[in-house]
Amino acid sequence: MYKVVIGLEVHCELKTNSKNFSGAKNIYSEIPNSHVSVVDLGFPGTLPVVNKEAVKKALKVALALNCEIPDEVIFDRKNYFYPDLPKGYQITQAKKPMGRNGYLMINVNDIDKKIGIRQLHLEEDTASLDHYGTYSLIDYNRSGVPLIEIVTEPCMNSAAEALAFLESLRSIFLYCDVSEAKSDKGQMRCDVNISLMKEDAKEFGTKVELKNINSFTNVKDAIEYEIKRQSEILDQGGKILQETRRFDDQDMKTYSMRSKVDAIDYKYYVEPNIPPVKISKEYLEEIKKEIPPLQYERINTYMNEYGLSRYDATVLVREKAIAEYFEATIREGADPKLASNWITAIILGHLNKFELSINDIFITPKMLTNLIKMVNDKTISIKQGKEVLYKALDEKKDPTVIVKESGMKQIIDVDAIKNWVMEVLDEMPEAITQYKNGKTNIIDYLVGQVMKKSRGQANPAMTMSMLKEEIEKR
Amino acid sequence: MITKEMLKDYANKLMFDMKEEEYETLQKEFDVILRQMDLIGEFEGIKDVEPMTFPYVIYHAKFREDVVKDEISTEEALMNAKDVKDNQVRVPKVVE
Chain Y
1 MYKVVIGLEV
11 HCELKTNSKN
21 FSGAKNIYSE
31 IPNSHVSVVD
41 LGFPGTLPVV
51 NKEAVKKALK
61 VALALNCEIP
71 DEVIFDRKNY
81 FYPDLPKGYQ
91 ITQAKKPMGR
101 NGYLMINVND
111 IDKKIGIRQL
121 HLEEDTASLD
131 HYGTYSLIDY
141 NRSGVPLIEI
151 VTEPCMNSAA
161 EALAFLESLR
171 SIFLYCDVSE
181 AKSDKGQMRC
191 DVNISLMKED
201 AKEFGTKVEL
211 KNINSFTNVK
221 DAIEYEIKRQ
231 SEILDQGGKI
241 LQETRRFDDQ
251 DMKTYSMRSK
261 VDAIDYKYYV
271 EPNIPPVKIS
281 KEYLEEIKKE
291 IPPLQYERIN
301 TYMNEYGLSR
311 YDATVLVREK
321 AIAEYFEATI
331 REGADPKLAS
341 NWITAIILGH
351 LNKFELSIND
361 IFITPKMLTN
371 LIKMVNDKTI
381 SIKQGKEVLY
391 KALDEKKDPT
401 VIVKESGMKQ
411 IIDVDAIKNW
421 VMEVLDEMPE
431 AITQYKNGKT
441 NIIDYLVGQV
451 MKKSRGQANP
461 AMTMSMLKEE
471 IEKR
Chain C
1 MITKEMLKDY
11 ANKLMFDMKE
21 EEYETLQKEF
31 DVILRQMDLI
41 GEFEGIKDVE
51 PMTFPYVIYH
61 AKFREDVVKD
71 EISTEEALMN
81 AKDVKDNQVR
91 VPKVVE
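These protein sequences, in sequence, are chains Y and C.
When the letters of the first sequence are read in order and numbered with the numbering used here, they come out as residues 1 to 474.
When the letters of the second sequence are read in order and numbered with the numbering used here, they come out as residues 1 to 96.
Any given hint could turn out to be false.
[Said to hold, decoys possible] Taking CB as the label site, the calculated pair distances span:
(1) C:M6 / Y:G42: 42 to 50 angstroms
(2) C:M6 / Y:G88: 33 to 41 angstroms
(3) C:K93 / Y:Q236: 31 to 39 angstroms
(4) Y:D251 / C:F16: 25 to 33 angstroms
(5) C:M6 / Y:Q236: 32 to 40 angstroms
(6) Y:K281 / C:N80: 41 to 49 angstroms
[Claimed, not checked] Below, simulated DSSO-like cross-link-like pairs (lysine-lysine); rule was C-alpha separation at most 27 angstroms, straight line:
(7) C:K62 / Y:K185
(8) Y:K182 / Y:K25
(9) Y:K87 / C:K69
(10) Y:K15 / C:K8
(11) C:K13 / Y:K281
(12) Y:K267 / C:K28
(13) Y:K278 / C:K47
(14) Y:K418 / C:K69
(15) Y:K220 / Y:K182
(16) Y:K267 / C:K85
(17) Y:K78 / C:K62
Keep in mind the hints are simulated off the structure, nothing from the lab.
Just so you know, even glycine gets a beta-carbon here, dropped at the ideal spot from N, CA and C.
Work out the full structure, taking the sequences as your base and the hints as a guide.
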């Protein structure tokens, strides 16, 4: 067995109106070369001008990732020759990036872990290439789109941890509203550095870099394949080659692209066309105020203050809008557990079924709270409450109105329930015998019979205790 | 020390080639440049001086507001391209 060491490099396209260094529109378009400027095409004599919003969003993520932010940041040129890069260099950051030495908390199998962030920098995306039989076609729409790159410390030890990190990071992009972060649209991309070492070894093994893996599932598959491949080589006494490999999602294997000897020398140097950028403490404070409570923090609040399970809390924070809806319901005075149950089980089911967002539904947190309160004060039963909620969602009607109109209310009249209990027991003497012989779960069946007689309006808890009481007497 | 092999390697990476005597001339010029660099390196306290990238202390004063402008049309964008197909620039295939 070997210890696996994983580090990630994640790229994310920022959501801005215009590109990072030019005024061309930052938008995905089916029509090639429809949103370009002379800067994106690398025409001679053109100069980059930094997009204020891109800097702000990069800093926002750096702050959310608890990074140290220098009071002065610098842009650098990374030089290489490829058709997707018309200038012959990419404007990026090397020596003084937007953020350094941050961290992100993840949770795998109920264990918290701090994942170190080595650095976060702002750069520009390249043009996109499509390859055909004997030629390649270049579309410059993506050229110059603002991109942030986040580099972690080599501190993850399994595919599960890498995946949890990517999920958490994605939630930060969404909560901070800096990107759509859709991996199927290439807005979030990932390179994986992975090495294996003996459990008691002091030094890391030779690392292999897996390039441009385009979905979270592929990250998991690529890591698992690579662990297997490297373990087999080491088991046979072989040596791991330091190289860059690509993952093929057709046959789920990785293939060598280039070895260390062929590594590209990018000849980094300071971008002379962009002077250093001063970042004031006041500006950072201003940005900090815009960062909402993040997933990790909300999960802990939900578990510790509202007594929810980690599973339910995790479902509720998956989307910021849902978390905010849940919190609004709590503020209105709803019981947190009931609110959580009904949102996760009924409302989210409704959203999935009709592909809606929580902001699209008619039921407001206030309406949901009123319904939950009717259940809590026993005006209606839980079962009735659920039915009302389904109906309210389908018919876009206030639950309180539905309860009123249908004359629905829970019967907690002891005498009425007792009558039904007697009737049911009289009709089924064999059930009493079975119960007394130890088949106690038959009680649920009997409760069901009483509910039937009451047309669903008898209070189930009361029914249950009265049934037990009466059976004992017989 | 810059060797002729290093120059050939760089030339290869930058995708050009030269005549043998041109490499020799370039190598001699590099020797002079490197000797000058060594001289600078001997200045007292040089290690405490920040490398200078800009001729004077200057900071980015004004960012661009995030507004769409200065786009050019697809026709204009492709005007200088040697080979165009489906509104895209066509180049020899760059992957195997």
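Right, here's what the structure says about each hint:
no., hint, verdict
1, C:M6 / Y:G42: 42 to 50 angstroms, "28 angstroms, violated"
2, C:M6 / Y:G88: 33 to 41 angstroms, "21 angstroms, violated"
3, C:K93 / Y:Q236: 31 to 39 angstroms, "37 angstroms, holds"
4, Y:D251 / C:F16: 25 to 33 angstroms, "39 angstroms, violated"
5, C:M6 / Y:Q236: 32 to 40 angstroms, "38 angstroms, holds"
6, Y:K281 / C:N80: 41 to 49 angstroms, "46 angstroms, holds"
7, C:K62 / Y:K185, "32 angstroms, violated"
8, Y:K182 / Y:K25, "19 angstroms, holds"
9, Y:K87 / C:K69, "21 angstroms, holds"
10, Y:K15 / C:K8, "44 angstroms, violated"
11, C:K13 / Y:K281, "43 angstroms, violated"
12, Y:K267 / C:K28, "23 angstroms, holds"
13, Y:K278 / C:K47, "25 angstroms, holds"
14, Y:K418 / C:K69, "77 angstroms, violated"
15, Y:K220 / Y:K182, "17 angstroms, holds"
16, Y:K267 / C:K85, "33 angstroms, violated"
17, Y:K78 / C:K62, "24 angstroms, holds"
Taken one by one, the earlier hints fail for this structure at numbers 1, 2, 4, 7, 10, 11, 14, 16, listed in ascending order.
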